[in-house]
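Student: Residue numbers (numbering that gives the first Met the number 0), protein chains in the order written: chain G, 0 to 401; chain V, 0 to 401; chain Z, 0 to 401; chain Y, 0 to 401.
Heads up, some of the hints might be wrong.
Claimed, not checked - Taking CB as the label site, the calculated pair distances span: (1) GLU397(G) with GLY28(V): 57 to 63 Å; (2) ASP86(V) with GLU44(Y): 35 to 41 Å; (3) THR288(V) with GLU397(G): 47 to 53 Å; (4) ALA194(G) with GLU323(V): 58 to 64 Å; (5) GLU316(V) with GLY141(Z): 49 to 55 Å; (6) THR288(V) with GLU26(Z): 51 to 57 Å; (7) ARG102(G) with PRO301(Z): 58 to 64 Å; (8) GLY223(G) with GLU26(Z): 48 to 54 Å; (9) ARG400(V) with GLY223(G): 29 to 35 Å; (10) SER284(Y) with ASN334(G): 41 to 47 Å; (11) GLY197(G) with ARG83(Y): 24 to 30 Å.
Quick caveat, the hints were computed from the structure, so don't treat them as lab data. In this text, a Cβ means the ideal position worked out from N, Cα and C, and glycines have one as well.
There are 4 protein chains.
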Amino acid sequence: MVSETVEAQGHLVDSGNFQSILTTIVEHGSEYEILRFDMGRKNAEGSYLTLRLTSDTTARLDDLLAKLSVFGCYVEGTPEVLLRAADMDGAVPEDFYSTTNHRTSVFINGAWVLADHQRMDAVLVAHAGRVACRKLRDVRQGDQVVCGMQGIRVVPDVQQRDKPSFGFMSNEVSSERRVETVVARVADMMRQTKAGGGRIAFVAGPVVVHTGGSQYFCELISMGYVDALLSGNALAVHDIEVALSGTSLGIDLSSGHPVEHGHRNHMRAINVIRRAGGIGAAVTSGVLTTGIMHACHTHKVPYFLAGSIRDDGPLPETMMDLIEAQDAYGKALANVDVVVMLSSMLHSIGVGNMLPSWVKVICVDINPAVVTKLSDRGSMQTVGVVTDVGLFLHQLAERLRP
Amino acid sequence: MVSETVEAQGHLVDSGNFQSILTTIVEHGSEYEILRFDMGRKNAEGSYLTLRLTSDTTARLDDLLAKLSVFGCYVEGTPEVLLRAADMDGAVPEDFYSTTNHRTSVFINGAWVLADHQRMDAVLVAHAGRVACRKLRDVRQGDQVVCGMQGIRVVPDVQQRDKPSFGFMSNEVSSERRVETVVARVADMMRQTKAGGGRIAFVAGPVVVHTGGSQYFCELISMGYVDALLSGNALAVHDIEVALSGTSLGIDLSSGHPVEHGHRNHMRAINVIRRAGGIGAAVTSGVLTTGIMHACHTHKVPYFLAGSIRDDGPLPETMMDLIEAQDAYGKALANVDVVVMLSSMLHSIGVGNMLPSWVKVICVDINPAVVTKLSDRGSMQTVGVVTDVGLFLHQLAERLRP
Amino acid sequence: MVSETVEAQGHLVDSGNFQSILTTIVEHGSEYEILRFDMGRKNAEGSYLTLRLTSDTTARLDDLLAKLSVFGCYVEGTPEVLLRAADMDGAVPEDFYSTTNHRTSVFINGAWVLADHQRMDAVLVAHAGRVACRKLRDVRQGDQVVCGMQGIRVVPDVQQRDKPSFGFMSNEVSSERRVETVVARVADMMRQTKAGGGRIAFVAGPVVVHTGGSQYFCELISMGYVDALLSGNALAVHDIEVALSGTSLGIDLSSGHPVEHGHRNHMRAINVIRRAGGIGAAVTSGVLTTGIMHACHTHKVPYFLAGSIRDDGPLPETMMDLIEAQDAYGKALANVDVVVMLSSMLHSIGVGNMLPSWVKVICVDINPAVVTKLSDRGSMQTVGVVTDVGLFLHQLAERLRP
Amino acid sequence: MVSETVEAQGHLVDSGNFQSILTTIVEHGSEYEILRFDMGRKNAEGSYLTLRLTSDTTARLDDLLAKLSVFGCYVEGTPEVLLRAADMDGAVPEDFYSTTNHRTSVFINGAWVLADHQRMDAVLVAHAGRVACRKLRDVRQGDQVVCGMQGIRVVPDVQQRDKPSFGFMSNEVSSERRVETVVARVADMMRQTKAGGGRIAFVAGPVVVHTGGSQYFCELISMGYVDALLSGNALAVHDIEVALSGTSLGIDLSSGHPVEHGHRNHMRAINVIRRAGGIGAAVTSGVLTTGIMHACHTHKVPYFLAGSIRDDGPLPETMMDLIEAQDAYGKALANVDVVVMLSSMLHSIGVGNMLPSWVKVICVDINPAVVTKLSDRGSMQTVGVVTDVGLFLHQLAERLRP
């Protein structure tokens with residue numbers, strides 16, 4: 000039997016982490032003894048916990064330490080972190096530490112150092128007294144990679160119960176909610192974010208166009224609420240198809256009538272933009288005069304179109320090299336405070352993977368399974384809204400008008 | 000081998016009935032020969048078809064005749080309909096004719112007579128030169144029941160291609176539609192219906208309350224667009240819970256915060272109404288002063304609450320005897336021109352069963368499977384809208400304001 | 000400012016109740032001071048909590064006490080419960096105590112008395128030293144009704160982390176699960192339940208028939224795993240339609256081909272049973288020889304068919320009086336240990352309302368929204384399975400075969 | 000007013016094309032006159048139609064001709080097709096002909112020539128007496144591109160009513176179906192396809208792994224029913240995670256227990272494969288010994304992993320360049336007869352875009368909206384099955400075992 004002592008502190012009870020810690024140990028088949036538990040007597044006071052863990056093997060104990068790490072438990076004392084040099088490009092030693100999206104500190108050279116570029120599913124690389132998250136494929140031979148579980152401390156975000164400015168809805172995903180209440184809160188948060196100099200990114204799928212949300216989304220752009228648009232080829236093509244021919248995948252948006260053989264307009268839109276030399280060139284030359292892509296150009300909102308296997312064309316601006324696209328998305332998301340995801344599961348999952356846990360996420364989709372899937376990933380950072388995206392944007396634009 | 004000659008006429012090609020007739024015969028394993036097919040050369044002209052059918056047995060041929068009947072085929076000539084006396088209460092001879100929801104005529108006493116009270120899944124009973132749909136349970140011993148397939152002619156409704164005032168959407172059910180376009184059409188249709196002296200019934204579930212649609216629905220009531228409300232115990236209880244305590248099943252509608260132990264408000268609302276002697280009495284005595292049920296009373300809109308196995312209470316007005324409830328629904332639906340179904344699958348299916356095919360139905364639900372299920376039943380009479388019901392009502396009320 | 004001291008004990012941390020208690024107080028806008036918190040140092044030991052609560056008014060404090068009650072908090076000491084006589088039939092004093100589905104004790108005549116017939120949304124009536132849950136409509140003038148929050152103690156069920164024999168799945172509802180694993184556990188539980196002399200009830204909708212689950216469900220009946228069947232008119236009609244004509248709502252189950260005009264078979268099935276005098280009479284007379292209803296009769300499994308507004312016919316056995324149906328369901332559920340709900344939201348919600356929290360519930364539906372809705376109600380008592388019901392029954396029958 | 004005469008022939012009535020032609024003309028606002036309509040008197044005989052169309056402008060008439068083309072209408076006589084040279088790389092003249100997925104012939108040099116590589120959303124390029132579909136981006140300056148609507152004839156596939164070997168289900172997408180019936184038919188079709196020397200491709204998402212379908216899918220591979228696997232990074236990673244650690248995204252597949260911090264296993268699996276030099280190398284070196292990817296290697300089934308914006312890693316075999324991935328998919332699909340799509344909307348849409356209309360498609364997903372979306376694209380070529388993918392594969396493997 001091997002043992003280790005771990006500590007945790009902060010809002011352990013009301014965050015649910017205390018419960019999660021104990022449950023994890025028992026389900027893991029290990030034992031615990033509470034050496035110390037000081038509970039804040041009042042709401043404002045934090046708690047303090049020291050636990051002694053016992054497992055049957057060192058490997059099992061390490062596994063348990065990793066599991067408890069996400070709830071804020073760290074090995075007692077301040078043992079120096081374990082660094083190993085990568086022995087090849089694009090891969091790491093087998094006992095590497097795999098990151099979460101929570102704030103993480105590493106004890107290195109006798110001090111706790113906060114990791115840069117926090118994101119999940121990365122490794123930590125130390126260099127010149129600092130430590131940063133890095134994707135596996137970006138690791139180079141000789142990089143100093145954080146391994147094991149010692150000297151690593153994760154600080155999970157805690158929903159503040161008495162200041163539910165963001166966590167204004169329960170986690171429950173349901174279509175049986177009053178969306179107007181949610182819209183009012185989201186609008187307040189967006190207004191406050193911009194007032195404080197913050198940045199808001201939108202992830203949007205073509206459903207924004209199909210459901211008639213384009214004009215309202217353009218309004219958000221013109222009012223300055225969109226700092227970056229992350230999307231794919233399809234949104235841009237459908238938007239441009241509407242701008243050029245008034246249909247979106249064969250539906251006449253103003254009448255709702257299906258327009259048979261509508262794919263023709265779709266392909267014609269792509270051809271027109273390819274002939275013009277790209278979206279930007281088409282705006283400049285006066286070929287493209289309305290719609291979301293036009294608004295992005297006019298209002299200098301950067302947009303990033305990631306390719307996918309289903310793309311037609313593609314448009315010249317679409318990045319069909321996904322290494323390039325992931326890097327571009329990553330840079331666009333640096334320093335964002337809020338991300339609004341509108342009906343695009345693929346791009347939203349991609350974005351969710353890149354975000355640290357303190358960025359606020361609003362996820363809107365009419366399919367509850369999509370909202371549940373996206374909300375699962377970011378626990379308490381995501382507010383899911385099951386509703387019609389076109390009508391949601393209508394309400395949101397109305398709320399944000401001066 | 001036995002044969003029979005059938006005829007059909009009207010817009011056979013553009014209705015799709017011509018295709019359906021031929022496909023049905025082949026899938027049935029029978030044979031056909033086209034004796035005559037006169038196709039209108041222009042859009043305004045109807046077509047005329049005479050077919051000779053051949054099956055291996057009389058039973059098989061009768062089965063085929065029944066299947067073709069719904070597409071407008073009737074046995075050539077004018078053979079008198081077959082009537083048999085019911086030999087017991089609440090049941091009919093085994094070869095009874097089972098009705099569809101299409102206009103049906105019966106050749107009786109040498110003339111075609113249009114059936115009264117047309118609805119599906121009924122039997123036809125002849126009396127004093129007239130014929131009417133009757134529910135199985137309402138048949139009495141000695142009633143003259145239409146049997147077999149002779150002398151029966153169904154006239155299916157045909158969507159008029161060049162006047163798509165109602166069939167403004169394709170049959171396809173999708174959440175990827177611009178709902179504002181649909182709302183505009185529905186609003187136009189409702190306005191025209193009322194201008195022409197027509198009647199509009201609403202079927203509504205408690206989701207109308209949960210999604211914040213109540214105030215907009217009350218607006219529709221006060222503007223005179225609701226001639227009858229068909230619902231259940233739950234809508235009324237949730238509506239009254241909001242009126243009395245501001246929550247709906249434990250959600251504070253103005254803040255969106257979940258209110259734990261919210262069922263208490265639910266039960267309290269029921270108790271208050273039971274103490275008052277009913278919804279009507281509670282309005283009169285000033286206990287109930289806002290909400291949908293209050294609006295119904297104030298604006299003299301009749302409402303019909305059908306009980307269900309899941310009901311709490313129930314409220315005094317809820318009909319827990321479903322024979323009574325079905326009869327009340329049926330009477331409420333006599334002479335309606337339009338039915339709007341809002342997020343209530345159970346009551347909507349019940350209502351759909353009672354309607355003739357020429358009543359226009361709008362079915363709104365955020366779950367595409369519900370919309371598909373309801374649209375399936377009434378073929379081209381139903382327009383399905385997959386969207387958020389609260390936001391739909393918001394848009395609809397805005398459109399209908401003078 | 001008014002204060003009250005409450006206590007709670009048991010597995011407070013790992014049940015999550017400790018967290019829920021503190022969060023509830025803060026969200027309620029009240030204050031707390033922890034007077035005592037003894038935490039079990041090891042897994043097997045319970046905890047003990049004493050809290051002092053402070054609110055601004057007595058009404059607010061009472062509201063808070065009610066909210067905390069469901070997490071096991073009770074007013075310190077042993078104050079006698081407050082009883083008030085009902086002043087009318089079918090309703091109670093306004094400050095009545097509204098029950099949850101958890102085990103509840105009342106301090107009466109100087110002793111804690113466990114309530115009988117525990118269910119949610121009822122009132123507690125004291126009589127002759129005992130106390131029992133009673134539906135509002137069954138209260139009679141003069142009944143002694145429990146009011147306020149004093150002398151009432153709720154003991155919430157606690158999921159045992161180290162014996163996850165039932166709570167074998169997380170609460171998360173997802174279609175992305177391996178159903179075979181779940182089936183194996185459900186089969187084990189059913190076998191153990193029957194081995195221990197327990198009772199298993201099934202709630203089933205017509206989807207069991209449509210998806211081809213009938214033969215496997217009949218197998219469960221013949222193996223003795225079905226102690227009661229709670230359903231509606233539709234299941235029985237579709238089952239009988241298949242037995243008599245091989246179709247279910249117009250789908251030929253053996254070929255999968257749609258059978259147009261299939262409603263005819265539906266109505267013919269109803270007519271045949273009505274002519275026979277009911278399902279039981281049809282089995283006895285040899286008219287009905289296969290299917291679920293036949294198996295119930297042959298194996299003496301009691302069944303209860305509750306009517307609904309959408310019912311055709313109905314069959315003679317269908318209870319169209321819902322007061323009668325709810326009472327029959329309630330009696331059928333007395334002393335059941337396990338309930339398996341198969342694709343019937345309406346009847347499942349009805350049954351869920353009647354069950355105490357310690358009855359284990361398995362809810363199977365292909366629609367995740369239905370499973371989520373049903374699981375929400377019974378917290379940790381329900382295991383939700385998102386899958387195809389026909390294939391689920393196939394797997395379950397295979398697992399249970401000797 | 001301008002006019003043109005068009006012809007069509009074949010099973011015009013029972014295919015529904017006759018109805019579609021007339022409806023399209025009327026909705027388009029143009030006029031028609033039927034110059035000739037010869038209807039086959041019996042099932043086996045085709046029909047013949049000649050129509051005179053009249054529109055107000057030449058542009059409108061051309062638009063109508065394009066719309067009618069997909070239903071088999073072609074301009075009367077044999078006018079030579081119009082070819083224009085592409086004036087730049089990657090784009091075409093604005094009046095280019097946009098392809099459908101139906102068999103298409105072009106009248107060139109005095110003869111009808113069948114287009115090669117038929118697919119939708121492409122252009123037609125003529126070269127050396129032949130004509131072929133080409134993606135917009137693959138067009139090179141100087142290529143002879145088919146423009147306008149003259150000399151182009153589309154032959155829509157017609158569902159054969161009396162040989163419903165494939166179209167064994169109606170188009171209706173529903174979860175209320177007996178899946179065992181469908182599985183039996185799919186198994187028959189797969190067996191016949193292989194017996195006839197045909198090829199079957201599978202498109203599969205990670206849900207195959209999550210739902211426990213892997214072992215059954217491996218069985219299909221070992222029995223020789225999988226000629227190619229088209230998927231993405233995620234399926235391979237989850238499959239390998241299970242092979243290496245027994246979990247899939249943190250769910251222990253054998254127990255169903257969630258394994259917290261499960262992403263670690265996910266990242267470890269990727270790292271192991273990257274260290275080994277790829278999936279193939281990992282199989283060869285004995286690192287990877289079970290699972291789908293292992294089975295593909297062992298049985299020499301080619302697989303194609305297309306990258307996406309959400310990918311972790313990626314695995315070395317994943318194509319992150321989507322131009323490369325689309326070309327690889329395209330080549331893999333040449334000469335396939337059947338495609339089975341399992342729970343992967345993204346890759347399935349991509350594949351659907353590449354297929355000619357005569358390849359049979361089975362689309363399996365538990366979400367009806369996904370099945371509807373995929374079925375919409377390929378009209379009568381797709382059979383949609385709403386069910387649990389893991390259980391579907393279980394049934395399918397059982398049916399196909401010798």
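Student: What hints, given by number in increasing order, does this structure fail?
Tutor: 2, 3, 5, 6, 8, 11
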